[in-house]
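Undergrad: Protein chains in written order, with the numbering used here: chain A, 1 to 361; chain B, 1 to 433.
Warning: the hint list may mix true and false statements.
[Said to hold, decoys possible] Now the in silico label distances, taken between C-beta atoms and shown as ranges:
no.	chain 1	residue 1	chain 2	residue 2	range
1	A	R46	B	Q74	23 to 31 Å
2	B	Q74	A	A242	34 to 42 Å
3	A	E132	B	V268	49 to 57 Å
4	A	V13	B	D37	54 to 62 Å
[Stated by the list, open to error] In silico negatives: residues of chain B with every beta carbon more than 10 Å from chain A:
no.	residue
5	W106
6	M138
7	F235
8	L251
9	V268
10	W290
11	G333
12	I339
13	Y379
14	G399
15	D404
16	E413
17	A428
Quick caveat, the hints were computed from the structure, so don't treat them as lab data.
Beta carbons: idealized from backbone N, C-alpha and C, even for Gly.
Spelled out from the first residue to the last, the chains are:
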Amino acid sequence: MGIIRTALASRPVRALTSPHHPDHYLERLHPLATAESVRARVVGVRRETGDASTVELRANGAWTGFKPGQHVQFGVEVDGTRKVRVFSVSSSAAGKGRRFTVSVKAHPDGYVSQFLHHDLKPGTIVYLSQAEGEFVLPDQVPDDLLLISGGSGITPVMSMVRTLTERRHTGHITFLHYARSRDDEMFTDELDALRSLNVDVVRIYTRQPAPRAELKGRFHIDHLKHLGIDPTETLTYVCGPAGLIATVRDTYAEIGASDQLRMEYFKVPSVDLDAADATGTLSFDTSSTEAPNSGATILEQAEAAGLTPEFGCRMGVCNTCAVKKLSGAVRHVVSGEVCANTDETIKICVQVPVGDVAVAL
Amino acid sequence: MSKSHPRTSGAIRHRVHDRVYDASNHNQAPAPLVSPDTDKRATVGLSYMTYEQFDEFGNELDEIRQRVLDDLGQADANYIRRVIRVQQASEVLGRIAVFAGVFNLWVLAAGAILLGFSKILENMEIGHNVMHGQYDWMNDPMIDGHRYEWDNVAPAQDWKHGHNFIHHTYTNIHGKDRDIGYGLLRIDEDQPWYPNHRFNLPLAFLLMLFFEWGVMYHGLELDDYLSGGSSKEEFGSRTARAKRKARRQVLKDYVAYPAIALLAIPFVGWWAPLAVIGANFVANVIRNIWAFLIIFCGHFPAEVETFLEEDAENENRGQWYLRQLMGSANISGSLPFHILSGNLSHQIEHHLFPDIPARRYPAISKDVKVLVEKYGLKYNTGRLSKQLLSVAHQLAKFGKKPADPYKQGKSPESKALRRAKREAKEKALQDAA
Numbered sequence: 001m002g003i004i005r006t007a008l009a010s011r012p013v014r015a016l017t018s019p020h021h022p023d024h025y026l027e028r029l030h031p032l033a034t035a036e037s038v039r040a041r042v043v044g045v046r047r048e049t050g051d052a053s054t055v056e057l058r059a060n061g062a063w064t065g066f067k068p069g070q071h072v073q074f075g076v077e078v079d080g081t082r083k084v085r086v087f088s089v090s091s092s093a094a095g096k097g098r099r100f101t102v103s104v105k106a107h108p109d110g111y112v113s114q115f116l117h118h119d120l121k122p123g124t125i126v127y128l129s130q131a132e133g134e135f136v137l138p139d140q141v142p143d144d145l146l147l148i149s150g151g152s153g154i155t156p157v158m159s160m161v162r163t164l165t166e167r168r169h170t171g172h173i174t175f176l177h178y179a180r181s182r183d184d185e186m187f188t189d190e191l192d193a194l195r196s197l198n199v200d201v202v203r204i205y206t207r208q209p210a211p212r213a214e215l216k217g218r219f220h221i222d223h224l225k226h227l228g229i230d231p232t233e234t235l236t237y238v239c240g241p242a243g244l245i246a247t248v249r250d251t252y253a254e255i256g257a258s259d260q261l262r263m264e265y266f267k268v269p270s271v272d273l274d275a276a277d278a279t280g281t282l283s284f285d286t287s288s289t290e291a292p293n294s295g296a297t298i299l300e301q302a303e304a305a306g307l308t309p310e311f312g313c314r315m316g317v318c319n320t321c322a323v324k325k326l327s328g329a330v331r332h333v334v335s336g337e338v339c340a341n342t343d344e345t346i347k348i349c350v351q352v353p354v355g356d357v358a359v360a361l
Numbered sequence: 001m002s003k004s005h006p007r008t009s010g011a012i013r014h015r016v017h018d019r020v021y022d023a024s025n026h027n028q029a030p031a032p033l034v035s036p037d038t039d040k041r042a043t044v045g046l047s048y049m050t051y052e053q054f055d056e057f058g059n060e061l062d063e064i065r066q067r068v069l070d071d072l073g074q075a076d077a078n079y080i081r082r083v084i085r086v087q088q089a090s091e092v093l094g095r096i097a098v099f100a101g102v103f104n105l106w107v108l109a110a111g112a113i114l115l116g117f118s119k120i121l122e123n124m125e126i127g128h129n130v131m132h133g134q135y136d137w138m139n140d141p142m143i144d145g146h147r148y149e150w151d152n153v154a155p156a157q158d159w160k161h162g163h164n165f166i167h168h169t170y171t172n173i174h175g176k177d178r179d180i181g182y183g184l185l186r187i188d189e190d191q192p193w194y195p196n197h198r199f200n201l202p203l204a205f206l207l208m209l210f211f212e213w214g215v216m217y218h219g220l221e222l223d224d225y226l227s228g229g230s231s232k233e234e235f236g237s238r239t240a241r242a243k244r245k246a247r248r249q250v251l252k253d254y255v256a257y258p259a260i261a262l263l264a265i266p267f268v269g270w271w272a273p274l275a276v277i278g279a280n281f282v283a284n285v286i287r288n289i290w291a292f293l294i295i296f297c298g299h300f301p302a303e304v305e306t307f308l309e310e311d312a313e314n315e316n317r318g319q320w321y322l323r324q325l326m327g328s329a330n331i332s333g334s335l336p337f338h339i340l341s342g343n344l345s346h347q348i349e350h351h352l353f354p355d356i357p358a359r360r361y362p363a364i365s366k367d368v369k370v371l372v373e374k375y376g377l378k379y380n381t382g383r384l385s386k387q388l389l390s391v392a393h394q395l396a397k398f399g400k401k402p403a404d405p406y407k408q409g410k411s412p413e414s415k416a417l418r419r420a421k422r423e424a425k426e427k428a429l430q431d432a433a
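Extracted from the complex, chain A is given alone in its bound form (with noise of 0.2 Å):
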């Protein structure tokens, strides 16, 4: 942050708008004048595959940088309402500016990966958080570096790999990524230039495999002994589907090497519209704990996983149980309408989950 934004945001400022936070002025200046949110404006966007796109940002300047791995939280207001999503950043982190990149393959259901792909225009300005997120690569990074990605968890270990190309990293960097089709891949053409760096880049396509491919199918042990890895000396990273997580997560525990595991879940929860009985898993997010849907209302729940959430009328006026759900689905019991955005506030005594559900209790 620069000296202006630290002054505006600083307590003599804060004193003289209170209660307001001063961003809160600041922004009916202009959307991208806050001293502390985070916005940025779409420069451009990139068509990857045919449901994967490339939004390029440039922050504003209460950005405060990212380290390769990390994601951001996403929001485009569309018909008044803020959506937002979580979104891997994708590109180089060597750079010293404030433009990135997150990469976002579209899911069907997805409202926002939806409209990123098909409706955002350069210009648009967009609602970030900082970068948040553990998966990131440590400051002193060694020689040798195994990064498996599996479909659009490619997004934060193409941020890693450029980085490193970037600042000219020295050691060896295996890069095994799993695909179900070339036509299904990201950043195909920069893959292909790689090669002729001192990254080692394996695509392998589950699908449609490449006729003189030397791996095919999913992720297996052997894949790791052909390319001549051992895995109790090199510091690996995976990002990707729960299923590739979980092979190579037991794979790496069977012989001893969990220590050099680094995970990153590309988890989409399970949201079953139809269902007349409760399926999933309420998951209290302050508090850590969850519970299996049991159907009653997120108060209810709350309540008998031995929280005290605060409520009043218990009849969805009064707006005291109000609070944030984090992701998933809920159903109000009175109008039968389902929400399925993330970090959207809800009154938790007149909504049911549907599917799994994160709250901020």
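Put chain B on the given structure of chain A with help from the hints.
TA: Using the frame of chain A, we list chain B on its own:
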């Protein structure tokens, strides 16, 4: 996230573990108004319609609600942001004019009025409505009902408990809704009369001048603490929050901004900071008077109905709606008047749908009036002057000592009646257990 309300939480926990609270059947009373006698049905509004009609009435209002909710979108978001922009512009201009006012008293007066206008907008059309959660669907953290704090000495958290929960759920029920006379005035026949009510009118006048402090004091719920309703810790944290908030507000208006005016002392004289203090004080009082006038017209005009707890126990959704409708009064006026009142001039619509953006109330009122006509209900509305006169008349009338000893709080008769009611209730609870 662990604030609890002991007065009600005991009853609710009991319910939760006793039987499954079937929230999908929304057609039931809020938890604490459930009678130990489960077969009992509420008698609220039976002179207007039957239980079957109440179900239909409730469904019709639920449909209106859903129709508006489905239609919320960009226009509503643009509206509230435009109001915030006007409010902030008038605040900044007002503050600047107050500083410039040390050179010219007319400019000082204009600054105070502009700042008062800005505080009115902030408290009523923005603060009150945002804190009801009317704009939570926008998912904008700056206008989120749970995070918003308003430009008023009353802390948002305690105001929301007293207002959104207590007042909006138990509207106009004696012994439940603490907003009937605010524990200070006698405004309804069914309130017991005490000698301090002789000063109804002068007390109301003082409350008008210092309304924000009254709202803060009301949120402390001292009476609730003294009667054993909340613990010492809870009362302590309410007091601490109020002190912290009042300190910030006082620091801003009476220390920080006046301190900037110290720079003007060499040019105009030692009194420059005092002029800023005075103008800010006037701005706060302007807001206090306006808020008081609008809010007192919401529930206190003569024809507004109040209810007894025993009549409202086990009420259904239609009866809950009816209680909101008959317990509120509107004020007619122009569009700027409605905005300045935070659309509380549509108090009836606000009480039916407290979490729908207030700019929708004028349109909703047309649908409500159709239902009022259909079921032969009353729709209390009138000009500000008419409603204010009615309120003043009520204050004067109910300030006088009533002849009926049962209406006097301290008479042996009403003491005996209260004791008998208490014992009957305890007995009913024991029987139910």
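Undergrad: Determine for every hint whether it applies to the structure shown.
TA: How the hints compare with the structure:
no. : hint                        : verdict
1   : A:R46 - B:Q74: 23 to 31 Å   : holds (28 Å)
2   : B:Q74 - A:A242: 34 to 42 Å  : holds (37 Å)
3   : A:E132 - B:V268: 49 to 57 Å : holds (52 Å)
4   : A:V13 - B:D37: 54 to 62 Å   : holds (59 Å)
5   : W106                        : holds (25 Å)
6   : M138                        : violated (6 Å)
7   : F235                        : holds (17 Å)
8   : L251                        : violated (6 Å)
9   : V268                        : holds (22 Å)
10  : W290                        : holds (20 Å)
11  : G333                        : holds (26 Å)
12  : I339                        : holds (18 Å)
13  : Y379                        : holds (21 Å)
14  : G399                        : holds (32 Å)
15  : D404                        : holds (34 Å)
16  : E413                        : holds (35 Å)
17  : A428                        : holds (22 Å)
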